[in-house]
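6 protein chains.
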Amino acid sequence: MKAVVKLGGALFKRDPDVNELRAMGKTLAGFVGEGNQLVAVAGGGQNARVYIDAARKLGADESTCDLLGIGVTRANADLLRLALGGVAFAKIPTLLSELNQYTSAGRAVVLGGLQPGQSTNAVAALSAEITRADFLVNATDVSGVYTADPKKDPKAKLLRSVSVEKLLSWALAGNVYAGKYELLDPLALKIMQRARIPTRFVSLEDPSNITSALRGREIGTLVSYS
Amino acid sequence: MKAVVKLGGALFKRDPDVNELRAMGKTLAGFVGEGNQLVAVAGGGQNARVYIDAARKLGADESTCDLLGIGVTRANADLLRLALGGVAFAKIPTLLSELNQYTSAGRAVVLGGLQPGQSTNAVAALSAEITRADFLVNATDVSGVYTADPKKDPKAKLLRSVSVEKLLSWALAGNVYAGKYELLDPLALKIMQRARIPTRFVSLEDPSNITSALRGREIGTLVSYS
Amino acid sequence: MKAVVKLGGALFKRDPDVNELRAMGKTLAGFVGEGNQLVAVAGGGQNARVYIDAARKLGADESTCDLLGIGVTRANADLLRLALGGVAFAKIPTLLSELNQYTSAGRAVVLGGLQPGQSTNAVAALSAEITRADFLVNATDVSGVYTADPKKDPKAKLLRSVSVEKLLSWALAGNVYAGKYELLDPLALKIMQRARIPTRFVSLEDPSNITSALRGREIGTLVSYS
Amino acid sequence: MKAVVKLGGALFKRDPDVNELRAMGKTLAGFVGEGNQLVAVAGGGQNARVYIDAARKLGADESTCDLLGIGVTRANADLLRLALGGVAFAKIPTLLSELNQYTSAGRAVVLGGLQPGQSTNAVAALSAEITRADFLVNATDVSGVYTADPKKDPKAKLLRSVSVEKLLSWALAGNVYAGKYELLDPLALKIMQRARIPTRFVSLEDPSNITSALRGREIGTLVSYS
Amino acid sequence: MKAVVKLGGALFKRDPDVNELRAMGKTLAGFVGEGNQLVAVAGGGQNARVYIDAARKLGADESTCDLLGIGVTRANADLLRLALGGVAFAKIPTLLSELNQYTSAGRAVVLGGLQPGQSTNAVAALSAEITRADFLVNATDVSGVYTADPKKDPKAKLLRSVSVEKLLSWALAGNVYAGKYELLDPLALKIMQRARIPTRFVSLEDPSNITSALRGREIGTLVSYS
Amino acid sequence: MKAVVKLGGALFKRDPDVNELRAMGKTLAGFVGEGNQLVAVAGGGQNARVYIDAARKLGADESTCDLLGIGVTRANADLLRLALGGVAFAKIPTLLSELNQYTSAGRAVVLGGLQPGQSTNAVAALSAEITRADFLVNATDVSGVYTADPKKDPKAKLLRSVSVEKLLSWALAGNVYAGKYELLDPLALKIMQRARIPTRFVSLEDPSNITSALRGREIGTLVSYS
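Which chain is which? The protein sequence lines are R, F, P, D, G and U, in order. Following my numbering, the numbering of the first sequence begins with 110 at its first residue and continues without gaps. Following my numbering, the numbering of the second sequence begins with 110 at its first residue and continues without gaps. Following my numbering, the numbering of the third sequence begins with 110 at its first residue and continues without gaps. Following my numbering, the numbering of the fourth sequence begins with 110 at its first residue and continues without gaps. Following my numbering, the numbering of the fifth sequence begins with 110 at its first residue and continues without gaps. Following my numbering, the numbering of the sixth sequence begins with 110 at its first residue and continues without gaps.
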């Protein structure tokens, strides 16, 4: 199958956690080794935020901040590429249009951000669209989409499924700042909506969540299309 | 001053109207000739739609359709560049990050689309942000933002001003298809919102509307920020 | 075998004819699927002419007109690539020197124009030379080379074979304008002559003409070398 | 004024003649220093021939031979750039489309070959066309166009002027081999013809011939257009 | 004058110190504003080390580690570029060969690392060589070259001047690891030696040390050439 | 196995010796044909020296001289690529970071120099490091490392083995000039040292020396690591 996996910034700690990266790489490499095609998109995390904050204080516009953050996502993508080992393609693509040149069955291509104004969530959605992926898994530091913020509200309940329209209406309530994109920015959701990409949100704490989701297990939150 | 002008697809007819382009070029070149810096962003128009429709029927995903449309916007940008004459920079930028290398007072830089998933409206907003433009004029085939579709409803009234939040809520009701981006797609509005770019929507039928708006005349619809 | 096919602008209608493109794609993909290597070169057609005419009226030099036309041939190449489906390489090459990196048995690489001053006929000849193609088929809207213009003169007779020297002497009588290159421009013929590439001119109305010619059937006009 | 000068391979000896290059650089830099814009195109000469011959013996096709020769013309362009000193732009352009970004009054841009199938004479003609040059001087090891080969026939007479049509008919009698392009290949003449570029052929033995021709002196052979 | 300044990794803290960067930017911008040409080279610092360490633990070879470190130096260069404000060129060069295209009097060009196997000290030396800089200042977290490690040995004395041969013999005692290049790696010293670039080592704690050194004040340690 | 072979400038004669190149190509292609991966790095030789000398006399700095020399090594790489025939990859890489994209078992990738300040010996060492080569063979016009210059001193004895530290101390006695890099420049040795690459110096007079060394025969001089 053809899969796209977005690995949230939470995987890329201030001091990169090599054991965590190695475990993630091993699990994903196993999935690829079965003959699957994988595109993995690395988020920015704390290191991106630190550079973006400094740039903003130095007077940078948000597009320039985005470019700095993209640089960090590419460094993160390199670490993930190393953790994946031999199944990973040697180059980090920097243009969406080159992606289909590099993908193939039994191979993983890792990338970070691409352009200012696009979160890595949007990159993951576009990658799924242009590679005609069978499934997109968006892995973050929470187990999926909740009725409220699970870190603040103990009564928050995990939704088994949510419509893209509902996500869009939520996402649009927030603001877009470089390095502080919401769970899903409007662009990512719009792309998912137009391409009707089967998508699940899962937690990245346990790497097997991701491969379970790719193999059809009902875990985290499924996005539904009307 | 530093300005960004988005010229809607309506300027780029199926059979390019050389007189109309020449008039637009002359008016904008006059503005640039006064020592102003201009970034002009060309839309796709009917020729983009024709190629995108064919690609979609041939089974292309929307990202690939976007790439085809971007090709046409760059051809349109070339025509506009020619119409601008000597004040126009010789190259059509293809990455946002190279824009600031080419801009300067007394010079116009013309570009088309940049990346799949981004309308040329978003490109115009990002260009305004990264060049720290004083003003953005978005010129289309209608005189601004109306209470209803002025082509269908004779009672539609032109709004003198509208908040970015209102525009966002309207824009999000629609869907995102390559070549059929709404008046303003969510991404463009989000960028305008985060950068608080002073923006006016005007009609491109009369080129002087654009330069009037740049010179501070109250024409068309002004976007307000809370 | 290694083949190069030039598909004349007549295949790329003002409103792209999706059925015609699909039929062409299917036939050529069948040929590739047998383990052959194909380079297909797309011409410009009416859409290229429209942009070039506008540019020329706006005062563009012919090299700039060529560049605009090349943009349209690349959009055409993208449509053909889509019509070819899975056997087509994902990228449209833009430099002759990268062609040999992408070609392989069982794969088609599609390209358009490359550089000002070179027609797509010349690109096809150069592609045949650098890939050491076994055969070049040049498909246009006429059935081959005639003793006179078959659209004007009912007595015009199709030549079964013609020497490259004869073609050169004819081609050189005309003028070189962007978008109005003759059946064969001097450069294309010179390249064919120096590389002695086996070449046939056939009609593109029926896609099977092209594959028949590639399989050795005597159809259209064969170019002979002294 | 805007000028293009083609410097034939004869200027670039097997062992580069530094004094000759320095004299040429000084003369051309003087012309540029008066506020003129110059594009200088370097030919290949003996070093190009040596590499091309070896490549051909190793089984290379002519396009690959052209690419090797282009490499040598760029090394020659670098030497000429050094000889021009501070008025020369620091980069050797490799695409025709970037040329207009680098040219300006009081500056020289030096380049070599661009693409297989194009001689540096064609590059010079295309450069003159796209920069809208006022004059093109083609400097070789003979004083202009003769009625016969002046190196073999003592009765050969220098023509004061010759029509482009006549040159075309002569040029086409020969063959096109990489590194052995005739005085003027068909493509170069076709470009000169379509752009009607005022052109003179002069000897490069005395650098002042070139600047004299640029300043309007009747020296060498003038190309006439019907 | 033409200057090159290397800013050691100590300027680029784990959490970038915006005030320190702003002070450095202001001081250097003042120097540039007097009509001087500046190339500033940013080092990697702690953030580079963190990524390199993670990559090495994930099994990366040292060249790949170098590439990761180079990415961080470019992010640092972006921060410094922002701190320099309007006098800084908008692009971070990534190839030595493009540097001379961007430099000019009254402008600063900022860059980070270029290639694996080259420290940013070597980049600074190569930049000084290719721009023919009048002076190179290498600013680190110590006040210059000492007789011993001033952080460990209280009797360590600052040398007013030291020969390049002596530095070479010291530098070569150590090993080359990505992110742990010595004060000066052998390559940087070899380049300084071959180009005989006037060079001073100063402390970057006080930005005025750098401009003082550029203005000829005897501060830190001067490198002498035999 | 994965091998890197450096072919010294002596293989690339002033007038390229096609028979010698063909013999080398055939021998190396045989090795590749057994399923091995090869990276071959071409040196500059006499043609590089001629261009560098001219550039230096024209006032070029050493970095610019290096760039000219790199151009010649790439032309040499092209000849070697042709001599290798079908096992050779069609493109000469110009960045170290793209090397791993092109290498594979049963394929040879040929390159020349990469960057100013790096000899092709350093390029070979970096290539061995980043491709994790099992063995590096450095082939020059002498049979290995001697106790003295074998061309001058008849008592010079070939060393069977030498430590990298010893080589470093010798190499550093010399100076670094473009085109006159010592047997091994400091950078190449430092890279070998940090990556502990098994390396042999052999003569390139007999191509089978190289493949013998790759197959484990004790020939020439082995580099030892403490």
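Calculated directly from the structure, the hints in this document are not laboratory data. Please note that a few of the clues may not be correct.
Heads up, the list lumps identical chains together, so a pair's fine if it works in one copy or across two of them.
To be verified - Derived DSSO-like pairs: lysine-lysine, alpha-carbon spacing no greater than 30 angstroms straight-line:
(1) Lys111 / Lys261
(2) Lys111 / Lys135
(3) Lys264 / Lys166
(4) Lys264 / Lys135
(5) Lys122 / Lys200
Comparing the hints with the structure gives:
1. With identical chains, the CA atoms of Lys111 and Lys261 are never at most 30 angstroms apart, being 36 angstroms at best within one copy and 45 angstroms at best between copies.
2. For the identical chains of this complex, Lys111 and Lys135 are neighbours both inside a copy (18 angstroms) and across copies (24 angstroms), given an alpha-carbon limit of 30 angstroms.
3. When the C-alpha separation of Lys264 and Lys166 is checked against a cutoff of 30 angstroms, the pair qualifies neither within a copy, at 38 angstroms, nor between copies, at 41 angstroms.
4. Proximity of Lys264 and Lys135 under a CA criterion of 30 angstroms is satisfied in neither setting, with 35 angstroms inside one chain copy and 52 angstroms between copies.
5. In this homomeric assembly, Lys122 and Lys200 come within 30 angstroms of each other (Cα to Cα) both inside a single copy, at 22 angstroms, and across copies, at 29 angstroms.
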